[in-house]
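Peer 1: Below, each chain spelled out in residue letters.
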Amino acid sequence: MLEIALFTCLALVVAALGLNVYRLTIGPDMPDRLLALDTMYINSIALIGLLGLWLNTKTYFESALLIAMLGFISTVAVCKYLLRGDIIE
Amino acid sequence: MTLHLLLEGVIAFLLIAGGAFIFIGSLGMAHLRDFYMRLHGPTKATTLGIGCMLVASMLYFWGTEGKPDIQEMLITLFLFITAPVSAHLLAKTGLHLKLKHADKTLGTPVELRPEEVGEKPVPHPDRGHD
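If you read the sequences in order, they're chains A and B.
So for the first sequence, this note's numbering puts the first residue at 1; every next one is plus one.
So for the second sequence, this note's numbering puts the first residue at 1001; every next one is plus one.
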């Protein structure tokens, strides 16, 4: 039961990443692409969690935490750049 | 170590629900018509999906190793705190850049003052401005 659920979830997350790449490619404006990247890092955290479940190890959760922090910081930095033309005023 | 059948069912349900929510959020982002509509998908559905998935992972390792681990809850908490903040900044960026929006999207950015959309310089009271 757990294996079927794991592979279904993996397929759904990979399909979601494909949709994000689609929006990242065609996105008409800069904030659309930024939103696509923001969603992509969240989906890659999900992918890392699923990899940890698959390999039955907890080693990869530190990297998930790191990706969460750096992704948030980079989203905020690019937003500040688009809003003010500068990151640190 | 084998898991209890009920716990395994709960974990499988949470995994499927998480994957479905993540997929629906990304589908909304790829499919909807303008930026303000697209912002809804990832900020709500995807955050709930990743919360479900990390709780499932925490339950699995709790069941197999016998002691709870705080790390997954830490990632979930961090994402739940940061998702609204980045969504708010993205919406402000969209308003600032005056993106085109569909006719169905109601509301105009009336709350932005002229100095926030770059039409007037920002006043500095200590430099003699009002």
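Note that these hints are calculated values from the structure, not bench results.
There may be inaccurate statements among the hints.
What the hints assert, rightly or not - Listed below are several chain A residues computed to face chain B (Cβ distance under 10 angstroms; list not exhaustive):
| no. | residue |
| --- | --- |
| 1 | Leu17 |
| 2 | Arg84 |
| 3 | Ile87 |
Just so it is clear, CB atoms sit at the ideal spot from N, CA and C, and this is done for glycine as well.
Peer 1: Hint by hint, say whether it matches the structure.
Peer 2: Results for each hint:
Nearest Cβ of chain B to the Cβ of Leu17(A): about 8 angstroms, under the 10 angstroms cut. The hint holds. Annotation: interface hint on Arg84(A) holds; nearest CB of chain B at approximately 9 angstroms, less than 10 angstroms. With a least beta-carbon distance of about 13 angstroms to chain B, the hint placing Ile87(A) at the interface is violated under the 10 angstroms criterion.
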